[in-house]
Amino acid sequence: MISRLLSFWKNLFRRRQLDSDLDDELRAYLEFQAAEKIRAGMTPEEAYRAARCEVGGIDQVRQSVRDIRTGALLDRLTQDIRYGIRTLSRNPGFCWVAVAILALGIGANTAMFSLLDQVVLRLLPVSHPEQLVIVRETGNHYGNSYGPNTISWPMFEDLRDNNHVFSGMFCRFPADVTIGYGDRAAQIPAELVSGSYFSMLGVGAALGRTIAPDDDAVPDSKPVVVLSYSFWRTYFNADRTIVGRTITLNIHAMTVIGVAQPGFDSMELGVPAKVFVPIMMKTEMTPRSDGLKDRPRRLSWVTAYGRLKPGISPERAQLSLQPLMHSILEMEALQPEFTRNATAADRQLFLRNRVQLLPGSDNDLRENMRKPLWLLVALTGAVLFLACANLANLLLARATAREREFAVRLAIGASRARIVRQLLVESLLLSGAGALLGLLLSFLADRVLVKMYLPAGVAADFAVSPIPDWRVLGFALAIMLLTSLAFGLLPAIRGSQTEITPTLKDRSGVGSLSSIPVRRLLVAIQIALSLLLLFGTGLFVRTLRNLENLGPGFPTDHLLTFTINPSLNGYSDEETKSFFERLNINLETMPGVSSVGFSTMPLLQGYAWQNAIVGKDFEGAPIEQQPVLSEVGPNYFATLSIPLIAGRAFTTQDDGPANYAYSVINESFARKYFPGRNPIGQRFGLVNDMETVTPDIEVIGVIPDKKYRDLRETPPPQAYFPYFEGPKFRFMSVYLRTHGDPRQIEGEVRERMRQFDPHVPVVGLETMNEQIGFSLRTERLVASLSAVFGGLAVLLAVIGLYGVVAYVVTRRRREIGIRVTLGAMRGSIVALIMREVLILIGTGLIAGTVLAFLMSQWVRSQLFGLSPNDPATLAAAAVALSLAAGLAALVPALRASRVDPVTAIREE
Amino acid sequence: MPTPSSDLLQGTLDLLILRALALQELHGMGISRRIAQMTTGTFEVKAGSLFPALYRMEEAGWLTSSWGESETNRRAKFYALTKTGRKQLKAETERWERISLAMATALRAM
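So the sequences go chain by chain: A and B.
In case it helps, our numbering puts the first sequence at residues 858 to 1765.
In case it helps, our numbering puts the second sequence at residues 246 to 355.
Mixed in with the good hints there might be a few duds.
What the hints assert, rightly or not - PhoX-like, lysine-lysine: derived pairs with alpha carbons at most 25 Å apart: (1) LYS1529(A) x LYS1564(A); (2) LYS332(B) x LYS322(B); (3) LYS332(B) x LYS894(A); (4) LYS1473(A) x LYS1529(A); (5) LYS322(B) x LYS894(A); (6) LYS1473(A) x LYS1434(A).
Unchecked claim - Computed footprint of chain A on chain B, listed as stretches where at least three residues anywhere in the stretch have a Cβ under 8 Å from a Cβ of chain A: (7) 263 to 276; (8) 284 to 296; (9) 319 to 326.
Said to hold, decoys possible - Over the 10 Å line for every Cβ pair with chain B, so calculated as not near, a few chain A residues: (10) LEU879; (11) GLY913; (12) VAL918; (13) GLU1262; (14) LEU1334.
Bear in mind the hints are in silico, worked out from the structure with no lab data behind them.
Don't be surprised by glycine CBs; every beta carbon is placed ideally from N, CA and C.
With the rest of the complex left out, here is chain B:
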């Protein structure tokens, strides 16, 4: 079972969503599933945080959305990365790696 208390760091959710969409376009539920899968269940994104984030990122121009058919033939809104989104993913990934390296070093130094 995922640990329900693991809070997402500010900015982490954005990075996870960008990463989830890096290979294919997905609908909301799909993004949620993909994130759970990528983090081996550590992060489970609820609708209450997912959708505001999606809308914010779409307004920022990182994502585009379109209506389509899901694998179970339901109407669903699919999200895909834009060019800016990909650039953002690259930048965020680099930033995150720097931070995590620094954090790891710091924690080891203790």
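Chain A with its partners taken away, still in its complex shape:
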């Protein structure tokens, strides 16, 4: 074994020495033989000739010795590679085109895969992430909810203390808090976590310690905080003395007890937390909303996680948790919180709720990005497939041109397998170069994509590592091998089938015409795929245009917006109210600002405040049918340029007692709840868990329908209340209508706000158009990328078609020459060629259309305002593609018609 390794080493690096040794040895052998024959009486010349005959060719002996050496395979491979590089570099134009096509194809795929991997596929950076599950409740929760994956605090405790399937449970709640430093303030994302959070995740501390169960035993008792590693580095300059010091969160002094391990910054991708606080400090971190100490069961807010005991599958755990969940629901259904407003039918429905376990890494960003990203991966896959078809075509043409070379190699004794290997090595060289370049491209592309897709603050933390990890490298390597096989195998086999005698004898290479049907098929595939991509591009671009053109239902130019939350600073209700009154006056007097509107619900950000309402003729409804609500300032409608259709807007005089007295509703609300009646003066009430309500809110105005959550929705029924009446002030969205370009006064607004109150940070200051643009980022990403890929696909297909037609024309020169001699008109020659081209394009188009219809259901959810089978878009794509392809084919067809018959016939 060792001697094998040694000789392998020697063979690899001392080949020259070994070869010359062998030469010496063989020469000596020859001389011995000759000397013997001379002794037997031959003349020296005769003796040497005879000796050489007996040896049977020095070269053959040398080659057979080389072949048995260890590592001979590697030796031949390097030979193939060297030969391959030489052959390829003889044709640099072809090389560059091929490598560029491959780099684009592989690069696009790697970029998409890397994005998909980071956003959708990857598990959490914690120990045994596959054991972690989110524990949620399905069905209608009957109450207020912070999201579909949340449950109430008491339910979390019940599940935690009574289950037999988890080795432990923990929960978390994300919240924004203000952090004070010097005379400035900033708002940062925090994660409120249960005491078992860090130990259950297996996340340690880089410095100090993490939050322990003791820190989270008694409400309000332990003002401690753990910093995320990146926050500690950027905000505290990696100060190692930070442990034991205090920082101010909201208005509370919190002791820093440690820094979490690097790379861990919360359970949710795209929502990195900067600080971790015990969930028992909820009251301090989220003033005015508790849910913890008062233990309401009809408010779901914590996301609960369990770590499955070893050997227990999520399915089994889900089944065995269901009886526990059912007993909790039965208990809840008897409580007054539930019975006060729920009917018997509601109760039946409620008791049918089930416990559901989701992978621990699930979140909104993943959920929203899953489909678009898979779609883009499919698009890039199609482009790569198309590129392979294109390259296979190019290589087939090359193989035909190299038939003489293959024939010569076969004639002097190369095996056909060796030719196949040689050609595959060349393909591998091309795709290897393409993959290297593609990796570089994909890295650049990913940085641009992440920047385009994620909010600026998050994108900065969202590290796309400069060194691609092994998954991405593995993926690139795998598709490199696959592509080189996909585009190289067919031409390689074709090349090795070269017939020696006719090829060497006949310069015109009659046998090679056999590759034309294959090349036609490849072109038809390319046309079909590019139709598919072009059609997709059309659908996505029109979706984006539809969404942009439709707009939210009010003019968005000259609008500036930000949010602000003075309650985090511990301001009382009175102080907060005064804060907003003063802020209103301050901003209204600002030069360049024509009007200021306040709203407690941010517009078009996906948020909704929903509540069931009661009236004379209607009562509570399931959440899907509940109207959406908001509290707004007096000039809100004027600022957004939303006219009043009937009645009046709020005035400062509507500032009444703590309960809502007046409301402005939209047309949908009026149609739904007051059909056929004048809505002005009608009354309704908001359903409440705590007491039975009477309908005493008076409608004073009606506005036209406008969008509320996002641009995709049909405007839901909406009701607005004056915010001064509201019992609770939390986040406030501020909208400024400006005279000129709102971007020009952004800086001034920021400065004015800092002077107004330096301790209340301004969050998300941007123009309304920027905000809307950002909310359409998924659509824009899909539309722009599919446009790039569609364009690329058409370009490749057109080049492919051109190549085949040009090739056919060259092959048929003689035939065309004869036709012209016999009196064929130029036009009929063009028609002859173009008829075949049109059949080819037609076949591709039909195949592409069938494919498009088969796959249409798949993209339906990504479209807006048009059907996935939209005939106009399909027709436009087909026409554009046919025109481009037809023009590309016309060039060689016209060239064919100008063939000079005399030279064409004489040539052969």
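We have chain A; now place chain B onto it with these hints.
Frame of chain A; chain B shown alone:
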């Protein structure tokens, strides 16, 4: 004259080379001569089979080689058995004897 058509059985050549080198170290030509002599001319090993076999056996660690002077004062590469080579010779010889005995018995039984 040797019969030119007598093909060497797989493995036979290795055994013959090992046997040829059992007494003394030899160069390529010498091995060829020695084999012819040992088999009374039945096997004549050509360079085309001899040298690949020598290199293979050297890589397997059965032989070592060194450059030296031949009896006619020419530079030549001499091959010698290694310890492994001797072990191999013993094993191969035993194996061959078993086979040849079995073959002889079988042929006689006909």
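Outcome of the hint check:
About 17 Å separates the Cα atoms of LYS1529(A) and LYS1564(A), which keeps this hinted pair within 25 Å; it holds. Between LYS332(B) and LYS322(B), the direct Cα distance comes to roughly 23 Å. Compliance with the 25 Å bound is thereby established for this hinted pair. With a C-alpha separation of about 37 Å, the suggested pairing of LYS332(B) with LYS894(A) is violated against the 25 Å cut-off. With a C-alpha separation of about 13 Å, the suggested pair LYS1473(A) and LYS1529(A) falls inside the 25 Å cut-off, and the hint holds.
Taking the CA atoms of LYS322(B) and LYS894(A), the gap is about 21 Å. The hint holds against a cut of 25 Å. A threshold of 25 Å between alpha carbons decides the hint, and for LYS1473(A) with LYS1434(A) the separation of about 33 Å lies outside it, so the pair is violated. Only residues whose beta carbon comes within less than 8 Å of a beta carbon in chain A count, and the segment 263 to 276 of chain B has 3; three or more means the coverage holds. Using a Cβ-Cβ cut-off of 8 Å, 4 residues of the segment 284 to 296 of chain B lie near chain A, which meets the minimum of three, so the contact claim holds.
Note: the segment 319 to 326 of chain B has 4 residues with beta-carbon separation from chain A under 8 Å; the three-residue rule is met and the coverage holds. Its beta-carbon lying about 8 Å from the closest one in chain B, LEU879(A) breaks the requirement of being farther than 10 Å from that chain. Residue placement check: GLY913(A) does not keep its beta carbon more than 10 Å from all beta carbons of chain B (closest about 5 Å). Listed as outside the interface, VAL918(A) is inconsistent with that label: its C-beta sits roughly 5 Å from the nearest C-beta of chain B, within the 10 Å cut-off.
Every CB of chain B lies more than 10 Å from the CB of GLU1262(A), the least distance being 29 Å, so the non-interface label holds. For LEU1334(A), the requirement that its beta carbon stay farther than 10 Å from each beta carbon of chain B is met, with the minimum near 32 Å.
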